[in-house]
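Novice: Chain by chain, the residues:
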Amino acid sequence: MTLTQQNGQGFLSRLRSLGLAGLALFGLAGTAMGQDTIKIGAAVSLTGNLAREGVLLRDGYAFWQDALNAAGGLKVGDKTYKVEVVYYDDESRPQTSAQLTEKLISQDKVNFIFGPYSSGIALATASISERYKVVTIAPMATADNLFARGFKYLFTNSPLSGMTAIPLIDVLDTVSPKPQTVAIVGMDDLFPNIFVEALKKRAEDKGFKVVYVGKYPKGAADLSAVVTALKAANPDVVMTSGFVQDSILLIRQMHELRFEPKLVGSAFVLNVPEVRSVLGPQAEGLVGVLYWDPSMTFTGPLVSSSADYAKAFREKFGRDPNHTSASATAAGIVLQQAVQNAGSLDNEAVRDALRNLKMETFFGPVQFDQRGANVLGPSLVIQVKNGTPVIVYPKGAAATADITYPRAAAR
Amino acid sequence: MITQTIVNGLLLGGLFGIASIGFSIVWGVMGVINLAHTAFITVGAYIAFSLFSTFGIDPLLSIPISIIALFILGYGIQTLIINRATQTNLLLSFVVTFGIDLIIINVVILLFTTDFFSVRPSYSGASFEIGGVVIPVVRVIVFALAFLLGLGCYLLLNRTRLGQAIMATALDRDIVRTMGVNPRRIYAIAAGLGAALAGAAGNLAAIIYPVSPFIGLKFIGAAFVVTVLGGIGSVEGCIIAGLLYGLIQALSASVFGVETQEISAFLIFILILLLRPQGLFGKRFFGEH
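Line by line, the protein sequences give chains A and B. Following the working numbering, the numbering of the first sequence begins with 1 at its first residue and continues without gaps. Following the working numbering, the numbering of the second sequence begins with 412 at its first residue and continues without gaps.
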């Protein structure tokens, strides 16, 4: 057994070094052909359980690279550079991401790093790039605790998880009669817990009475106990924080047990199109949150509007972009602006430029705090109306409709 | 609220019971812990979904189809794979059924992708109220059918020649040969029966849960707990243990908080087993191979 394993590893590592040699050659050829190339390394998940998200992220980076090169490249001081994103597959695993990030920096000599999908993997990436003092922009790493670790070279242009909960509570201030009581339930897991805490804090700060906070176990086969407890608390509004399956079950069981609060909110679940078809009429009036939508009205360099982005993306890739791809393209734009402002490729200079940056991209306004988090990152509240999600809050960020409150009881 | 909690628990427990009977029979008769059982549940759910979305067949009417289809699948897998694999060592069945589970789930993903689907007949979401207790129609139907299927299965095992042959094979597969019973064939029938019940459970689950390749996984914990609690191989034990498990979950959720519903249910399960290791209705010799 041990013998086979060793053999296996030997074979794998030989395969890896072969691949490495090939890549190194390829890299050399690249440098030889065009001296003036800025290289950005991106170890993203192309296989494994985050493959779908990883590919969406890669497409966003690729969109930026091609758009910028088509526009003539990036001007730094008096020199104009082409940009090239170097991709590796992290297999959806943090350890692999760490290894690949090390390789990107020390062997491929990339100038900067683009982050992977998910905070868990980004933690591994950032630990390495931090050691080498290489600026890392991770658009899809938004867990608050990742940015509480004192990383000095890590940035994200998306809003942090905790922040995305805020508009979901703030929108309640805009309706009349103003709801008095809020109940919050979520799955007992990393992201939902952060979201539940953030919802609770904002609701209390805004003067809503939080009458019930509950957590249910991962993979629970039945949530009627949650619904019964919610019903007993009788809140005006229920905010849920979970993933797709459990949220569907919860909403269905609320309906089955005849619990119809005036408004029901969910975290990011409504962005998955089949959730709406699975829930059918019960999806009507649900609210949720997202980072980006083609109808957003922000504008910025390289990509002048979200509508243009959606159109160009569709032409390039044959399908609609979602917020993952958009955030990746925006990450490129943010980096490009910071390099221009710094007038140098030096990582210290670019890091300082990022910290002083204040700009708007099609994805939304950007300003980083000391942690590297985008304090202006917008998130939008959507509501399902006649089967389609429309943006209802905040006003001005996108084409919006008025929120329907109270929601009509689904029948 | 306490009545509502009890009703919730019992209605859920019926589904837990029906989802576990097949698992329990296979374990009791052959000593095989069938890890592909939840995959059979998934297949049942997809049969209900396919017939509903393509032909508009009511998911309650597709139950017989699920039962027949899954019986054939279970019978076939037992004859072609498990009977052969377990010739050398019964423990091999773990590996084999785990592999079968992976294959079935991945075939489902190939055919249907990992998207979610729903089976929503006209009565889904409807409920009625008795004395302040809300009772969802779908869950009552599921409960009643689970009970009927359990009863049918009980009668089959205890009142028919085939059932007697199955029980006898469970007791001693060597002796039954002298009585003209072919244990391999009986194993295949028991496996088919187990799969058929899983298919029926999956068909029923499709009305309640979103249909995804992982719908069966919801029941893996319940299948183990209910089987062991009820006594391995005991149909009536399964139904009663299923109800008890649903009830304990609902009550512990309401007393200790929702986040503890599974922990406290398992604690009580361990307590019962300490007092009665063979389960509530188990006879010591079942499942000892």
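Treat the hints as calculated values from the structure; they're not laboratory data. Even glycine gets a Cβ: it sits at the ideal position worked out from N, Cα and C. Some hints here could point you the wrong way.
Claimed, not checked - Here are the in silico distance ranges between beta carbons for each label pair:
1. R596/B - G280/A: 23 to 33 Å
2. T499/B - G219/A: 41 to 51 Å
3. L684/B - N145/A: 31 to 41 Å
4. L678/B - M359/A: 13 to 23 Å
5. G467/B - E130/A: 54 to 64 Å
6. Q370/A - L678/B: 39 to 49 Å
7. E670/B - G343/A: 47 to 57 Å
8. D352/A - V666/B: 49 to 59 Å
Novice: Go through the numbered hints given earlier and state which of them the structure violates, listing their numbers in rising order.
Specialist: 1, 2 and 4
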